[in-house]
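Engineer: Next come the chains, spelled out residue by residue.
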Amino acid sequence: MKLTLHIWRQRSTSEKGRMVSYEMADANEHMSFLEMLDVLNEQLIGRGDDPVAFDHDCREGICGSCGFMINGIAHGPRSGTTICQLHMRHFKNGDELWLEPWRATAFPIVKDLAVNRSAFDRIIQAGGYITTPTGNAIDGNAIAIPKEDSERAMDAAACIGCGACVAACPNASASLFTGAKISHLGLLPQGQPERNGRALRMVQIAQEETFGNCTNIGECEAVCPKNISLEVIARMNRDFLRGSFLWRSGSGGDGG
Amino acid sequence: MRLDSKTPSGPVEKRWDNCKFENKLVNPANKRKYSVIVVGSGLAGGSAAATLAELGYNVKCFCFQDTPRRAHSIAAQGGINAAKNYQNDGDSIYRLFYDTVKGGDFRARESNVYRLAQISVNIVDQCVAQGVPFAREYGGTLANRSFGGAQVSRTFYARGQTGQQLLLGAYSALSRQIGEGRVEMHPRTEMLDLIVIDGKARGIVSRNLISGQIEIHLADAVVLGTGGYGNVFYLSTNAKGSNATAIWRAHKRGALFANPCYTQIHPTCIPVSGDYQSKLTLMSESLRNDGRIWVPLNKGDKRVPDQIPESERDYYLERRYPSFGNLVPRDVASRNAKNCCDEGRGVGETGLGVYLDFAESIQRLGQHVVRERYGNLFEMYERITGEDPYKVPMRIYPAIHYTMGGLWVDYQLQSTIPGLFVIGEANFSDHGANRLGASALMQGLADGYFILPYTLGNYLASNKLEKVSTDHPDCKQALEQASVSTKKLLAINGKRTVDSFHRELGKIIWDHCGMARTGEGLREALQQVPALRQEFWSNVKVAGGPEEFNQSLEKAGRVADFLELGELMCRDALERNESCGGHFREEYQTPDGEALRNDEEYSYVAAWEWKGPNQAQELVKEPLNFEYVHPSQRSYK
Ligand SMILES: Cc1cc2nc3c(=O)[nH]c(=O)nc-3n(C[C@H](O)[C@H](O)[C@H](O)COP(=O)(O)OP(=O)(O)OC[C@H]3O[C@@H](n4cnc5c(N)ncnc54)[C@H](O)[C@@H]3O)c2cc1C
Ligand code: FES
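Chains as they are written, first to last, in our numbering: chain W, 1313 to 1568; chain D, 30 to 666.
Isolated chain D (complex conformation):
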């Protein structure tokens, strides 16, 4: 297979305009004749479903939560980037583009990133119009903060609940369309498979999570906005239900999966406290604006933090990266924290933690200012740890947070299956090997509000789509397969719970395909994961029956997919003999421990093609070209 990114020609700043002009349009009266399935109601899916319905398409939208408003986007804390240059600090579309390509360690498509930076400006306007209560200055203008990997202040925020407010904006737009009968909403419904007829995506197989009924929904095109796959690691900052099932099953129907090994470890999360732990909690990166990160200078120093004098503290990020200091990108901050802990300088009971200290800011700004900026995050920290961060420094440690990899899409956001579009975290498109903070919300909304509505129209206008019915043999086959595999999971009736398999998988992936990877470790993982998968299919115990509300069964299906995806992640990481962004191979580093890319050989997108169960997947490469931002060794010093 050859991959065509369909990147438009012309100067980068004109490409999106050219593309929009060249794309075919569906005339307003005809839009009513088309139906579109949108799976996902997060920032990407929610904004897409609302906008498509506004345009006149018939939309069916699906989510597994009890209401679209609870999609995982709700949990995003810190903010959303936009190149508004309201602060007059030298920001521009070009600078946001530049920062994102560089932050992604030169592994993203320039054209896509430029478009994202262009659209960022419209997103904030759209959200303000919807009533998103962004933070304001006393004069009534919008306020900004800084995020890692940038030297300008371009992040818009609503306290520490930016994702919540943006999602409620999208949800309100979606609700208006549901109320007006233009979107048929299916909450508590999980997509189990993609229906492909004559090579085109024409529908999905879904399971009603309350009744257990498995059904078919057909349409003229399918959009997946189903989020990331960070939960492969079991412990992650993602919501418990976040899963890869929709994209993975689409992958098995022919959509290529790109860069699965590019996962992001977030530097500031609350450390793990015990083996019953069910998830990890992020402390927003925005805290690095005012918090200083440090560990004791000397190994094994077990004194409480306020007993350690300034001269015996190591503010290692400020020391090593004087120009970015505590605001280096996430991959750099995470790796440095890991190194300090590996050296025996970690803090807290487990030694897997570093301090994030606000003492100086509290002194400089006053406690009330710190409370206004981060109050809810401080409360959350206190609730979980029982410690008061106004008095003692927070303890933080890196945790898996975001997945840059995802289904491969071209410039039109279309996957390798015609008629299947993928948006938001579920695709691989814009962040290369490392995502900058506050850029995921931006991407989800750019895709959903501003890009997909154009590109989907082009697909519908340029293809003649025959009517299909649920009697089609491909529909029947997909339906049958979904119910057989559900029954199979229930019939195993082995000895181990789904969670116990999931935890074990997570540990393997964290140890071997986490913050630092080696060829040897990855080869080991490639033995362990298939073995675990085999055991899963013969020894898992899933409670309950198929036709009822059955959370144990839901989890089992998701973990079955993680067990396959986890293997592909390791495979991809092993194949990429270089370090870039979040993918750090210990064998490939500079003398001072920074990621060492190999542009000669690895300046490509690695897209994987499914070849059948237990068959090796085939690697297809999309070469990357850099015409504007020339690849260099990233330096934040």
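Chain W on its own, in the form it takes in the complex:
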């Protein structure tokens, strides 16, 4: 299979980038997309050129390292699939593909297709946890959790933090990511004590990190490789409102 690839090349955060075109003659349908890029990189190194930088690690769709735009779609054309799980059999001979990094002010480009997503970590640091120091836990079966609640919490907890939601959103909003964590913890009894304050702090930090607001466009849900539902944003907004109300009324964000 022969392909034409137009790839965003940028040496570092501070330098300017540009699209560069490559002819890829040695792709085949059994390869994954990243394996196709491996082949390209081997050729580039052989020619003494700089290989294309992209983040990846597990190549199983779970670590959330990989991700870039293929023809303007985050993680490419197959829904519910990360780039590392996307296979070349979904492309055809002669295809022309444009590969670009996630674009968002909050995600500066590190090099080529790799970006800096540490803003996501800072959102979690602001409250994406349950305060339970090691060694203080009660028996795992002491609190019965309805199967349905635990399944719904798991649906939200499946988020891999890849950043596709931000890249797809015209506002570069991190609401799907933030909402997923707030929902995961907020759906469980263990998450109740800190629920309101958590939403309040995480949403505030997301704004400080220059992520935009959610205007219900839904592009995030469409590209999410883990099919996280927009419902998590509704939950986030509700918890945020409750949190701000309680905070203003002086009873503190936490506790609610």
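Just so you know, these hints were derived from the structure itself, not from any lab. Mixed in with the good hints there might be a few duds.
Said to hold, decoys possible - Keeping only pairs whose Cα atoms sit at most 30 Å apart, straight-line, the calculated DSSO-like set for lysine-lysine is: (1) K505/D x K420/D; (2) K1328/W x K516/D; (3) K1314/W x K650/D; (4) K524/D x K1314/W; (5) K584/D x K1328/W; (6) K505/D x K62/D; (7) K49/D x K516/D; (8) K43/D x K60/D; (9) K640/D x K1314/W; (10) K584/D x K536/D; (11) K35/D x K53/D; (12) K505/D x K584/D; (13) K496/D x K49/D; (14) K1404/W x K420/D; (15) K584/D x K493/D; (16) K1459/W x K420/D; (17) K570/D x K1328/W.
Since this is a predicted model, take the numbers as computed values, not measurements.
Starting from the known structure of chain W, fit chain D with the ligands onto it as the hints suggest.
Structural biologist: Just chain D with the ligands, lined up with the frame of chain W:
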């Protein structure tokens, strides 16, 4: 050198309590005065860093990924063991201990394994409290499944994403500490060397993977939770970045490396499809709860699976091991698959595959139940192979998955370098010659949450640690050495890429030090690996420069280490003239093809001491004693 395992005395069930009582404590106000470096943010490193910071220590944590949440632990699928006996099926701490010692083919330290089984119970509680959404029954209690090598149901799981959920739990605890300023996190930073001053581990040399800057970080103790070395094989189920650099370079600074030849081949992975292939994908062992493994009865039967009648199928595990059936331990399942393929009964285009068939379970339980249990694994399989496992049986083949070997540690998890602690897959401690499924997550979290925080305190309280500065000659030497070797790699400018060397190394190790080993093959590998290493250092081509984001350079450094470690693995395998667990020497087997141990001569831990570049390493033995579980020929029949 003599190895002292520092195993506490007393009955096995009291040893950990005794040890904790005897260990010295650092008083709360003094903890603030100590600093600890934790390299690794997986289950082991992440849980350790969070817990140490909670206790009050100043922690610096490092990982090479862009965030701690992406450590390779994230990929674990099937589950985590705990001896809770929630199912009332006869489980107990003693049974988990027994199963693990037996599963490890009597090559692990009893005291360590007992402690692991004891702590397993607390781990699940801790994770539930953090909000890990484990699977639940309709009544709201925790659900369990079974894993290989056990006849009870003690595995806790979160769909097929248990590692992800446990790691996100540890990551959230770590994030809380980072947010509160008690952990300084260094993502995209790789440890290149260990700094040893006056015989004690005092810091690391690291490279910032974005700027390329090489730096020194000092502390009162160093903890490595850097994972396993399965990527020696190039194709493995490990994440692409998983590497041995941290433990290998610590080894070269004096930490003994134990049992390097004990590697685990996982029976259920998606078969290799072509030579561009970059990694192998595991299909969780939990699938063996409901999937039946078979090959055609007759050699060369190329019919599609549904054309092969029941009477012409060989459910070989159920036939040979009636009491464990499809749930025999991994080493046994892998070897049997290999044997079937060697006999010409393998399936798929390459003939290197066996079927894992769900037709019967789908009929018995309904497709919705199978989907609920394994949905994401089925999807992953479909995505990779283009085949729908609800309709046709999966094709699977063994692949390298886990490394039981690692840096030698005593009962306190301290290596042979004082002040260097090693946790998780990076150490050798608890799994002997074969790890049981769902026990790695358990070990990583036991080490990080519950063991290290006690034993590290004991070290700090019992040693007087002088202040050191980056001007110390040992620091300067380590820094200089790291930048020289980086420059050296870039200067070679030869003809072959790093990956091409790595693939070739992987093939040698897979062929000669993989699922089945022979003295002859190992001797051959011991010629081939050093030759390849020599070629690497004269003919590798590494792109780019030292002071930039350079993935080609990162790989080169890691492969350079694999080229040394691979040789030691073969050496260790050659030296061990017996078969045990994952180490199967064809010369040593029972008449029906099971591993034949030699307890008289080989009931020891083989720990290797680095003697300098291109020098033979020296073998130091730690004898193993079994007071509780008496070594017997493992039988799963
Ligand atoms: C596909 C798969 C499925 C599995 N499923 C299960 C299962 O169901 N149950 C089970 O019990 N076990 C399972 N395992 C095994 C288990 O996941 C691992 O053994 C375990 O997660 C290892 O954890 P760790 O914390 O020791 O290391 P890792 O999670 O590998 O973490 C290593 C850390 O060290 C860092 N690091 C490494 N080298 C350096 C360096 N030089 N400099 C700086 N940082 C470095 C990395 O960035 C990372 O943060 C599975 C393994 C695989 C591959
Ligand atoms: S590389 Fe891990 S999700 Fe793609």
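Engineer: Against each hint, give a clear statement of whether it holds in the structure.
Structural biologist: Okay, the hints, checked on the actual structure:
{"no.": "1", "hint": "K505/D x K420/D", "in the structure": "62 Å, violated"}
{"no.": "2", "hint": "K1328/W x K516/D", "in the structure": "27 Å, holds"}
{"no.": "3", "hint": "K1314/W x K650/D", "in the structure": "57 Å, violated"}
{"no.": "4", "hint": "K524/D x K1314/W", "in the structure": "26 Å, holds"}
{"no.": "5", "hint": "K584/D x K1328/W", "in the structure": "26 Å, holds"}
{"no.": "6", "hint": "K505/D x K62/D", "in the structure": "25 Å, holds"}
{"no.": "7", "hint": "K49/D x K516/D", "in the structure": "47 Å, violated"}
{"no.": "8", "hint": "K43/D x K60/D", "in the structure": "27 Å, holds"}
{"no.": "9", "hint": "K640/D x K1314/W", "in the structure": "51 Å, violated"}
{"no.": "10", "hint": "K584/D x K536/D", "in the structure": "18 Å, holds"}
{"no.": "11", "hint": "K35/D x K53/D", "in the structure": "15 Å, holds"}
{"no.": "12", "hint": "K505/D x K584/D", "in the structure": "25 Å, holds"}
{"no.": "13", "hint": "K496/D x K49/D", "in the structure": "28 Å, holds"}
{"no.": "14", "hint": "K1404/W x K420/D", "in the structure": "26 Å, holds"}
{"no.": "15", "hint": "K584/D x K493/D", "in the structure": "39 Å, violated"}
{"no.": "16", "hint": "K1459/W x K420/D", "in the structure": "28 Å, holds"}
{"no.": "17", "hint": "K570/D x K1328/W", "in the structure": "27 Å, holds"}
When the structure is compared with the earlier hints, violations turn up for hints 1, 3, 7, 9 and 15 and for no others.
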